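Visitor: Based on the hints, put chain L in the right spot on chain X.
Line by line, the protein sequences are chains X and L. In terms of the numbering used here, the first sequence opens at residue 1 and continues consecutively. In terms of the numbering used here, the second sequence opens at residue 1001 and continues consecutively.
Don't read these hints as lab results, they were simulated from the structure. Keep in mind the model is a prediction, meaning the values are calculated, not measured. C-beta atoms are modelled at their ideal positions from N, C-alpha and C, and glycine is treated no differently. No incorrect hints appear here.
If you only want the chain X side, here are some residues facing chain L, beta carbon under 7 angstroms, derived: (1) Gln13; (2) Ile14; (3) Ile31; (4) Val69; (5) Val72; (6) Glu82; (7) Leu85; (8) Val89; (9) Asp107.
There are 2 protein chains.
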Amino acid sequence: MDERAALAMITDQIDEAGDDAAIVDGTAITIDMLHDSADFPAGVTDRTMGWRSVAVSLSDLAAVGADPVGAVAAYGAPTFSEGALTAFVTGAREVCDAVGTEYVGGDLDCHDERTIATAAVGRVDHRVGRAGATPGDAVCVTGCLGTGAAAFKLFETGKIERANQLYRFSPRIAAGRALAPVATAMMDSSDGLARSLHQIAAASDCGITIEGDLPIDPALREFADTDRLATTFGEDFELIVTLPEDAIDDARARVPVDLTRIGTVTESGVTRDGDPLPDEGYVHDPD
Amino acid sequence: MDERAALAMITDQIDEAGDDAAIVDGTAITIDMLHDSADFPAGVTDRTMGWRSVAVSLSDLAAVGADPVGAVAAYGAPTFSEGALTAFVTGAREVCDAVGTEYVGGDLDCHDERTIATAAVGRVDHRVGRAGATPGDAVCVTGCLGTGAAAFKLFETGKIERANQLYRFSPRIAAGRALAPVATAMMDSSDGLARSLHQIAAASDCGITIEGDLPIDPALREFADTDRLATTFGEDFELIVTLPEDAIDDARARVPVDLTRIGTVTESGVTRDGDPLPDEGYVHDPD
Chain X
1 MDERAALAMI
11 TDQIDEAGDD
21 AAIVDGTAIT
31 IDMLHDSADF
41 PAGVTDRTMG
51 WRSVAVSLSD
61 LAAVGADPVG
71 AVAAYGAPTF
81 SEGALTAFVT
91 GAREVCDAVG
101 TEYVGGDLDC
111 HDERTIATAA
121 VGRVDHRVGR
131 AGATPGDAVC
141 VTGCLGTGAA
151 AFKLFETGKI
161 ERANQLYRFS
171 PRIAAGRALA
181 PVATAMMDSS
191 DGLARSLHQI
201 AAASDCGITI
211 EGDLPIDPAL
221 REFADTDRLA
231 TTFGEDFELI
241 VTLPEDAIDD
251 ARARVPVDLT
261 RIGTVTESGV
271 TRDGDPLPDE
281 GYVHDPD
Chain L
1001 MDERAALAMI
1011 TDQIDEAGDD
1021 AAIVDGTAIT
1031 IDMLHDSADF
1041 PAGVTDRTMG
1051 WRSVAVSLSD
1061 LAAVGADPVG
1071 AVAAYGAPTF
1081 SEGALTAFVT
1091 GAREVCDAVG
1101 TEYVGGDLDC
1111 HDERTIATAA
1121 VGRVDHRVGR
1131 AGATPGDAVC
1141 VTGCLGTGAA
1151 AFKLFETGKI
1161 ERANQLYRFS
1171 PRIAAGRALA
1181 PVATAMMDSS
1191 DGLARSLHQI
1201 AAASDCGITI
1211 EGDLPIDPAL
1221 REFADTDRLA
1231 TTFGEDFELI
1241 VTLPEDAIDD
1251 ARARVPVDLT
1261 RIGTVTESGV
1271 TRDGDPLPDE
1281 GYVHDPD
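Excised from the complex, chain X in its bound form (with noise of 0.2 angstroms):
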């Protein structure tokens, strides 16, 4: 069984399942495992590590509109060098800041291949899952697509410094807050944005349509294949969000980054410019 089926059959078993956080009595909490040979291409650094192993937990807090209480890492490692754990909880703590949270420690474990697990925690006023896009809602996506290619892009051709930067996302936990309260369905699109569509579709058993260009990162656009890397590569974290068309200039005004509307929310079917959208992920290797 591969890893989204597996996924499948666990969301069926368990109720709290299926959406980027789980929700008990107004508690988000949400646990993600990285590691090196799928996770990690060669120059990231340990702070990079730290930064980014915590913001994707952060980002599924900002996918269910979860004001965030605290983070927490498992680093796990043949061994430990006092430079790189420091380094580590540095990002960790600089990304925490940034979204005013609080990295709180972890666990440490000795472990072959270096693999960090993350989890954070959150409190939910505005509960939001994947389940609620209605036909009629407009699509809607924070900031811009590609950024997650685009570093891994650049990390192969050696540019590691902007490559770093990039990989340091920002979670977008003031926007899932903004939003949360008229979204209908929101995700992050850390699957990539063909996956992303497919998945809110699917939960919401409504149809998607997406029309025109793609806000796409400008770091992307030197290198080919642009628009398949923006559409299917994942490893972005931004949020894609369905609300009512009406709630589209208010929550503009309301979310500190860009939103642009790609697509409307329809009774069946994931299409772009007309034609079915395949309910693909790139599958990458960072070595």
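Guide: Below, chain L alone, put in the same frame as chain X:
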């Protein structure tokens, strides 16, 4: 730098670190990482793995006196089978049910070595950590020691069913909640009794003396070196607690498991029956 030195360094850097769970705004958060080569001897079932992984994080909540809100897990493995995942979720749910909380899902990750990260979240009314032990306090332990060592020995000797039973330990949530209002210091015994006592003594800037027989799991008695295993092996998840002497009777009445007095908090030095008790844990390899 070894794991202990690295943990000490991180504890110095992060105010909230140092206790079994971090506490922010009345919310306790903990994360743990377990993996095949260190934590799951041959013979551990998938159900036991789910139970124990989540139980380790719930034990951290117990140790700070928290009331659990929910628990999550990230499951990394080279392949996913429906049977294994279903059994894992069953075990994770059972231990949550056993302590009155909910298993609310998590994440999957393709990983060369099976690696489980768990996080648990709770609410704290009476904050208790490792730093408040005061000379004259009694030192008590819940349940009995050596259960983890007995399980490891039983796995080694092929008594798999009994070993799995012992491995599915009961996190001392109810005991932790009952003890928190009177405890001056508390932690779980996952690093072994000896190391736990040293950690409380160091955090509280005091000494501890223990005297007489320890409550030892009858399952361990069939093996050699019982006392040493019960004292230093770890992989036990009882609570080690210090509390004023005149609070013991009342605590005993409210704690739903045995609460055995094993010693007294002193000014300095960690001793057993008058001799120094080394700050040592057993190095164990489950393979």
